[in-house]
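Colleague: Construct the entire structure; sequences and hints are all you get.
Number of protein chains: 8
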Amino acid sequence: ARTGTAEAVLCEGKSPDIVAAIVDKALDHGRRLLLTRISEHHLTVLDRPGVDLDRESGTAILGPPSSDTRAGACIVTAGSSDIGIAREASRTLAFHGYAGPVISDVGVAGLWRLMERLDEIRSHRVLIAVAGMEGALFSVLTGLVRAPVIAVPSPVGYGVARDGAAALSSALATCAAGLTVVNTGNGFGAACAAIRMLRMADPE
Amino acid sequence: ARTGTAEAVLCEGKSPDIVAAIVDKALDHGRRLLLTRISEHHLTVLDRPGVDLDRESGTAILGPPSSDTRAGACIVTAGSSDIGIAREASRTLAFHGYAGPVISDVGVAGLWRLMERLDEIRSHRVLIAVAGMEGALFSVLTGLVRAPVIAVPSPVGYGVARDGAAALSSALATCAAGLTVVNTGNGFGAACAAIRMLRMADPE
Amino acid sequence: ARTGTAEAVLCEGKSPDIVAAIVDKALDHGRRLLLTRISEHHLTVLDRPGVDLDRESGTAILGPPSSDTRAGACIVTAGSSDIGIAREASRTLAFHGYAGPVISDVGVAGLWRLMERLDEIRSHRVLIAVAGMEGALFSVLTGLVRAPVIAVPSPVGYGVARDGAAALSSALATCAAGLTVVNTGNGFGAACAAIRMLRMADPE
Amino acid sequence: ARTGTAEAVLCEGKSPDIVAAIVDKALDHGRRLLLTRISEHHLTVLDRPGVDLDRESGTAILGPPSSDTRAGACIVTAGSSDIGIAREASRTLAFHGYAGPVISDVGVAGLWRLMERLDEIRSHRVLIAVAGMEGALFSVLTGLVRAPVIAVPSPVGYGVARDGAAALSSALATCAAGLTVVNTGNGFGAACAAIRMLRMADPE
Amino acid sequence: ARTGTAEAVLCEGKSPDIVAAIVDKALDHGRRLLLTRISEHHLTVLDRPGVDLDRESGTAILGPPSSDTRAGACIVTAGSSDIGIAREASRTLAFHGYAGPVISDVGVAGLWRLMERLDEIRSHRVLIAVAGMEGALFSVLTGLVRAPVIAVPSPVGYGVARDGAAALSSALATCAAGLTVVNTGNGFGAACAAIRMLRMADPE
Amino acid sequence: ARTGTAEAVLCEGKSPDIVAAIVDKALDHGRRLLLTRISEHHLTVLDRPGVDLDRESGTAILGPPSSDTRAGACIVTAGSSDIGIAREASRTLAFHGYAGPVISDVGVAGLWRLMERLDEIRSHRVLIAVAGMEGALFSVLTGLVRAPVIAVPSPVGYGVARDGAAALSSALATCAAGLTVVNTGNGFGAACAAIRMLRMADPE
Amino acid sequence: ARTGTAEAVLCEGKSPDIVAAIVDKALDHGRRLLLTRISEHHLTVLDRPGVDLDRESGTAILGPPSSDTRAGACIVTAGSSDIGIAREASRTLAFHGYAGPVISDVGVAGLWRLMERLDEIRSHRVLIAVAGMEGALFSVLTGLVRAPVIAVPSPVGYGVARDGAAALSSALATCAAGLTVVNTGNGFGAACAAIRMLRMADPE
Amino acid sequence: ARTGTAEAVLCEGKSPDIVAAIVDKALDHGRRLLLTRISEHHLTVLDRPGVDLDRESGTAILGPPSSDTRAGACIVTAGSSDIGIAREASRTLAFHGYAGPVISDVGVAGLWRLMERLDEIRSHRVLIAVAGMEGALFSVLTGLVRAPVIAVPSPVGYGVARDGAAALSSALATCAAGLTVVNTGNGFGAACAAIRMLRMADPE
Ligand SMILES: Nc1ncnc2c1ncn2[C@@H]1O[C@H](COP(=O)(O)O)[C@@H](O)[C@H]1O
Ligand SMILES: Nc1ncnc2c1ncn2[C@@H]1O[C@H](COP(=O)(O)O)[C@@H](O)[C@H]1O
Ligand SMILES: Nc1ncnc2c1ncn2[C@@H]1O[C@H](COP(=O)(O)O)[C@@H](O)[C@H]1O
Ligand SMILES: Nc1ncnc2c1ncn2[C@@H]1O[C@H](COP(=O)(O)O)[C@@H](O)[C@H]1O
Ligand SMILES: [Mg+2]
Ligand SMILES: [Mg+2]
Ligand SMILES: [Mg+2]
Ligand SMILES: [Mg+2]
Ligand SMILES: [Mg+2]
Ligand SMILES: [Mg+2]
Ligand SMILES: [Mg+2]
Ligand SMILES: [Mg+2]
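Chains as they are written, first to last, in the numbering used here: chain A, 10 to 213; chain B, 10 to 213; chain C, 10 to 213; chain D, 10 to 213; chain E, 10 to 213; chain F, 10 to 213; chain G, 10 to 213; chain H, 10 to 213.
Honestly, the hints are just simulated from the structure, not real lab data. Built from N, CA and C at the ideal position, the CB exists for glycine as well. One should not assume that every hint holds.
[To be verified] In silico SDA-like pairs for lysine to any residue, Cα to Cα no more than 25 Å straight-line:
1. Lys34/B x Ser113/D
2. Lys34/F x Gly119/B
3. Lys34/F x Ser89/B
4. Lys34/G x Ser89/E
[Unchecked claim] Partner residues aside, some chain H positions facing chain D, computed with beta carbon under 10 Å:
5. Gly88
6. Gly93
7. Met142
8. Tyr167
[Stated by the list, open to error] To give an idea of the interface, some chain A residues facing chain B are shown, with a C-beta separation under 8 Å as derived from the structure:
9. Leu62
10. Leu181
11. Ala186
12. Thr189
13. Phe197
14. Cys201
Modeller: Set out below in structure tokens:
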């Protein structure tokens with residue numbers, strides 16, 4: 010709140026009992042709430058009225074949708090495996106009243122796919138890029154646009170790419186000035202950073 | 010250029026001869042140029058008229074200063090060892106026509122020092138934080154302000170902190186949503202990202 | 010015993026059969042015993058009379074409770090996910106006759122929560138801090154108190170924070186002099202070290 | 010010899026005395042020889058008639074130049090810091106009688122530079138790509154051509170890119186099928202692999 | 010396509026729903042398709058007519074077999090645990106119309122087994138070597154043949170060999186010039202690289 | 010100060026000019042000051058009256074010695090290479106008015122040397138152990154005494170022990186409950202933690 | 010065979026079908042065979058007459074027991090969790106006709122337990138030591154005996170000790186000359202090395 | 010002594026003053042002494058009568074040569090860069106009265122060189138193998154002989170082979186049962202282990 014974005018509940022590492030208690034309390038007080046990194050064993054305590062649950066991204070939202078939707082950040086993904094993280098970012102934006110459109114499957118192994126969508130991508134004020142494997146999308150995209158780009162390495166890949174290790178070091182080591190990075194898989198954090206940028210531009 | 014910020018010359022890894030050739034060509038064409046990560050063995054070829062050389066940050070600027078100076082990003086450092094990186098960021102902002110004031114030595118081992126400067130820090134639109142060792146400043150600062158914060162881990166420290174390793178993982182692992190990160194020591198990249206954010210807010 | 014604290018049985022890595030044999034023998038001899046890092050597959054052999062089993066912390070205690078409870082160490086946690094480790098420490102203290110009150114959810118992303126509890130925290134002679142993610146709590150807390158602080162990194166987090174890696178290096182790299190560290194997740198060891206400190210102050 | 014390429018002398022890790030002895034013997038026998046990874050302290054024993062020494066690449070060649078020069082592999086570099094490694098590859102090709110033209114400074118932070126040279130690049134049968142920092146060039150280039158591409162990560166970079174670590178994992182983790190990789194800095198090995206490919210196509 | 014080999018669908022990291030959708034679309038359009046890294050939970054959506062599924066290699070092929078089979082690459086494995094990866098390479102070759110015979114269980118702990126098959130191995134124009142544990146096969150094989158060799162480290166092993174870590178660094182660090190490397194487990198990529206080499210030799 | 014121990018100046022990473030400025034200011038104000046991790050290039054600015062410089066430990070003390078010397082912590086080292094770190098701890102204790110006797114060269118490769126000094130070691134209330142290589146001393150010592158033991162891994166060793174890596178993980182992974190750890194080489198931090206323990210026992 | 014010890018079948022990484030085929034063939038030919046690293050999913054194909062299966066160590070032996078049992082190597086373990094690996098070594102010795110007595114639970118956290126068994130340990134010609142966590146047993150034991158000692162790090166432990174990482178680096182970094190090391194968990198390899206030593210002493 | 014081999018003085022990490030003091034004392038007492046890992050800055054204090062100094066291996070021996078020389082261990086190296094480590098082993102054997110002949114430059118990139126020397130190698134009772142880069146020699150050699158083989162990874166190599174990292178993991182991950190390993194560069198430790206084996210076979 011004091012920082013302009015809500016604290017979310019990070020469900021990973023919490024027992025279903027603890028998550029259930031947090032949800033009960035929020036519903037009782039009619040408080041809006043965002044939950045992230047929900048996994049299989051949390052589902053039973055979250056599958057109930059008043060909880061807008063999205064399995065693909067492992068997120069849940071309590072309380073009414075945000076009343077208005079301002080222009081927000083565009084989320085660009087390298088492959089269709091990155092969609093869960095993209096939706097974590099998109100729903101975090103929505104929770105705070107911002108649009109979060111997703112353009113997916115434009116990784117650089119097929120550069121023309123990125124080029125075809127470039128005008129659309131350039132029309133947004135802040136970009137969030139999600140990529141796993143070698144994460145070459147981060148550098149290429151940042152070199153093609155003027156907006157700030159936030160890289161979210163995704164844990165897609167095997168061998169040296171396992172858990173997003175290669176994509177993370179790619180994002181940090183980039184030659185393309187203007188790219189900043191959040192932790193592997195942290196779509197929530199990328200969205201919150203994007204919101205800080207948008208608020209700076211349009212103070213309420 | 011196409012991205013709104015200039016490409017700089019990364020001198021680390023280039024022989025003095027190559028750097029000299031680049032500088033000659035730029036001076037001949039009267040082109041403005043920013044050079045970063047200059048080290049001892051480059052100094053002789055850079056100590057000449059027309060080159061504004063700053064040893065502390067390992068940067069050099071060719072060409073006339075930027076004509077106007079818009080409000081830019083404030084750079085906050087944990088310790089006095091971080092000043093070289095802070096100046097790399099500050100001079101990159103100056104090169105592009107933005108102010109880059111530095112507030113130093115406000116690491117969290119003495120939390121009151123940070124608190125005393127908090128109002129001043131909060132008056133800026135974008136923040137760049139530089140810290141080595143365990144990098145606790147990144148999370149604490151981000152939790153106290155509304156502006157976007159860009160973390161630059163600094164290679165200050167020994168043992169597990171050597172080469173900034175602890176500070177980097179601290180910055181990425183932060184619980185404080187709204188923080189983004191660049192590579193250890195990359196004051197240049199942090200400044201370029203800040204400029205993208207400022208331009209997004211005030212398109213020319 | 011010769012060191013002033015009991016050796017505990019580390020159940021992780023032992024088959025249920027081996028654990029059952031150890032428990033049988035202790036019950037037969039009427040020996041007090043502490044078991045740690047109990048997991049799912051050990052539960053059936055431990056769910057029996059005479060065994061005080063705590064699933065949240067994965068600990069079990071055999072034998073009568075300690076006769077008296079001296080003032081001990083206060084355990085401070087960053088988030089509610091750290092509670093299992095906090096209880097491992099707390100129950101180890103109890104087993105040896107010391108109090109181990111827990112103050113939880115005072116991580117630095119919301120610094121005011123820590124500040125509100127500071128007087129209470131300062132009233133204890135030894136502190137144990139438990140934190141995952143980037144572990145910024147360790148440095149901030151140590152900079153605010155005069156007591157010795159023992160850091161227990163917790164394996165909460167993903168990406169670079171997986172398995173507590175970021176919290177561990179944060180704790181070791183701290184600028185805040187007076188902090189010492191135990192292995193990730195080692196609430197038992199932190200409690201034993203605290204007991205050594207308390208005994209040194211109040212030799213029996 | 011039995012493998013179609015010569016064994017070279019890896020000077021790194023050998024004392025100047027040992028290198029001198031090897032050179033003496035080769036000159037005495039009139040044997041052609043390639044030496045790689047020559048550093049400062051080897052120079053005095055190599056600066057003599059009959060030794061074609063190239064400081065930039067740290068290579069030396071003994072004996073007459075190769076009699077003919079067949080079409081070989083084209084070496085593409087991301088930045089001007091990669092030139093030493095590019096020349097190690099190029100001179101290894103020359104030693105075996107193949108051309109090794111270098112196209113430099115076409116890194117993807119400025120994608121148009123790569124695009125401008127693409128026709129020229131596509132005219133070669135085997136490509137060797139040299140890049141440091143995040144090594145995004147490897148994936149982008151491989152996605153744009155039909156020839157086999159061999160990646161040589163270069164030890165250019167700092168922070169997570171130090172010693173070529175980020176470029177190496179990028180090359181291995183690539184989504185662009187058809188790329189193979191050699192050790193960081195191994196221009197010699199890349200050239201030998203290229204020669205095996207060319208010989209397979211045109212058996213002598 | 011533009012690169013001479015097909016893009017495959019990497020199933021790892023994709024939900025069964027997404028994979029099913031991709032397969033439906035390809036079958037509808039009568040498009041040939043290669044799927045790789047299929048795991049248990051994908052099997053139900055792939056066990057259907059028109060899909061040639063191979064569990065051992067985790068690959069599936071849609072569409073008619075390739076019309077002709079040209080001489081391709083020979084795949085050599087160290088042990089019988091490497092067979093899954095060998096078949097991923099072999100089926101990728103087949104998908105593109107090339108033969109991919111497998112010679113298995115010739116690891117260097119029993120050097121004579123390799124020697125017995127050496128003439129057969131030498132009769133192929135391109136070699137793919139698959140090995141886990143310490144991966145000594147890569148260097149020994151490359152030193153015995155004239156063909157280009159592509160190393161595929163396999164994730165077979167425990168301790169320091171877990172996930173193929175030792176085999177990967179062995180392959181990259183080789184003294185045997187002429188070896189190139191792909192990511193651990195990437196039989197698909199090795200085959201695509203082999204195809205580029207074969208096409209370079211025999212342009213269609 | 011607020012924490013009961015002084016903040017020291019960490020000289021590593023600071024230019025001689027910055028260190029000189031800090032010293033000037035302290036001497037002008039007659040302030041006592043501790044400087045740590047002084048290296049060669051700082052020596053010229055520190056070799057002056059009023060500065061008690063110790064090269065072996067890389068520490069300097071400004072101002073009058075502490076008026077009284079209370080019983081403090083005993084520092085135990087494995088080998089004679091650990092003496093610099095032992096003295097950093099010892100001088101930090103002295104600066105704060107505590108004794109810091111050193112018992113050296115009692116590593117466990119010769120267990121009888123440790124056993125001969127055991128009574129003396131047991132007479133101290135807090136122990137600091139310094140060891141490099143495999144750091145087996147930490148576990149053995151902690152298993153033999155009742156006092157709290159603080160491990161300082163030392164950067165002595167080569168191969169897997171380089172930079173103290175093996176000793177650090179040994180200290181953290183110990184089976185001997187009651188051991189806590191500080192960063193490799195951090196004699197200063199170990200002493201400050203010891204002082205917190207001693208003050209807790211004897212509040213002034 | 011040519012090396013004096015049998016090649017064993019490493020079951021980890023092989024499908025049950027492959028293991029079954031190997032076993033069938035050996036039984037058909039009446040060949041003696043040792044299988045190691047058997048896990049849960051292999052059990053059904055191994056639970057049959059003629060197979061001496063030991064679940065605790067994950068080993069199986071086909072064929073008649075060795076006819077005689079010569080004095081062999083003594084296996085010393087730090088804790089009761091190391092028993093599986095100790096038995097892998099013991100059964101490998103037995104398979105080759107050597108005794109392999111196990112002395113367990115003599116880790117150095119309770120040094121007197123090791124001292125009580127020292128005479129017995131000293132009576133053996135070759136020692137194999139198994140330890141997890143920080144592996145301090147390796148150095149202490151080697152410093153107390155004259156026999157060659159082979160360290161087998163065990164994957165017992167959590168945090169920095171996970172997968173035996175701390176024990177492995179401890180064993181390699183030892184100050185106690187005369188210790189050699191095999192891969193984490195490799196009881197089989199340790200036994201084979203011990204047999205080579207015993208055979209060297211008593212050539213058949 | 011109690012272990013059958015002498016403790017040596019590890020000079021790395023010790024100041025010249027400390028080394029000089031140790032040498033003075035030994036010369037005064039007429040004690041035989043072995044010093045290892047001597048570097049440039051120790052040379053002045055060791056270049057004196059009564060000290061048998063060998064720069065190539067960084068070792069020095071004080072006192073009379075060993076009176077007799079028994080058959081010892083044969084040291085086999087992959088390349089001529091490994092000679093310093095080979096001599097450290099050889100001189101350690103000599104110091105204890107054992108022969109230590111060296112067979113060098115038989116790495117597996119040229120397998121025939123190893124084969125040519127195989128009979129000679131097989132005539133020795135214990136083997137020490139020294140190799141850097143990918144260390145394939147360890148596995149190949151162990152698979153060809155019956156003697157115990159001790160691997161000494163050597164810090165020769167660059168990229169992933171830097172500091173012997175690839176050779177070390179290769180040695181540990183070997184498929185060739187009967188190989189044991191010491192720390193990278195530890196020729197001294199390998200020789201001491203060999204001596205334990207030889208003494209076991211021929212007790213004095
Ligand atoms: N997916 C996420 N990644 C990173 N931080 C998060 C995420 N979700 C929530 N958080 C933050 O992590 C902290 C969660 O703390 P808690 O839920 O109290 O353990 C809060 O500061 C949240 O804002
Ligand atoms: N097994 C594999 N390893 C590496 N890359 C692959 C593999 N299978 C497919 N790919 C490539 O990885 C990308 C997968 O993209 P997508 O399926 O869209 O997420 C495509 O460029 C594929 O050609
Ligand atoms: N050797 C040391 N190791 C760890 N921290 C130190 C050391 N010396 C000083 N410090 C602390 O590190 C910080 C140094 O900050 P500064 O000198 O302002 O860069 C202060 O909080 C010191 O107390
Ligand atoms: N090159 C070496 N590598 C490993 N250990 C060594 C080496 N040289 C000596 N040592 C041992 O390391 C210890 C050195 O102790 P000190 O010289 O007292 O620091 C003694 O136990 C020596 O036997
Ligand atoms: Mg795609
Ligand atoms: Mg400071
Ligand atoms: Mg919380
Ligand atoms: Mg460039
Ligand atoms: Mg095999
Ligand atoms: Mg010693
Ligand atoms: Mg035990
Ligand atoms: Mg050689």
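Colleague: Each of the hints needs a verdict: does it hold here or not?
Modeller: Taking the hints in turn, this is what the structure says about them:
1. Lys34/B x Ser113/D: Holds, at roughly 17 Å.
2. Lys34/F x Gly119/B: holds (19 Å)
3. Lys34/F x Ser89/B: Distance ~15 Å between Lys34/F and Ser89/B Cα, so the pair holds.
4. Lys34/G x Ser89/E: holds (15 Å)
5. Gly88: holds (8 Å)
6. Gly93: For Gly93/H, the interface hint holds, since the closest Cβ of chain D sits about 9 Å away, which is under 10 Å.
7. Met142: Met142/H check passes; min Cβ-Cβ to chain D is 8 Å, inside 10 Å.
8. Tyr167: Status holds, d = 6 Å.
9. Leu62: violated (21 Å)
10. Leu181: holds (4 Å)
11. Ala186: The hint holds - Ala186/A has a Cβ within 8 Å of chain B, the shortest such distance being about 4 Å.
12. Thr189: Hint on Thr189/A: holds, closest Cβ of chain B at ~3 Å, below 8 Å.
13. Phe197: holds (7 Å)
14. Cys201: holds (4 Å)
In this structure, only the earlier hint numbered 9 is contradicted, and the remaining ones agree with it.
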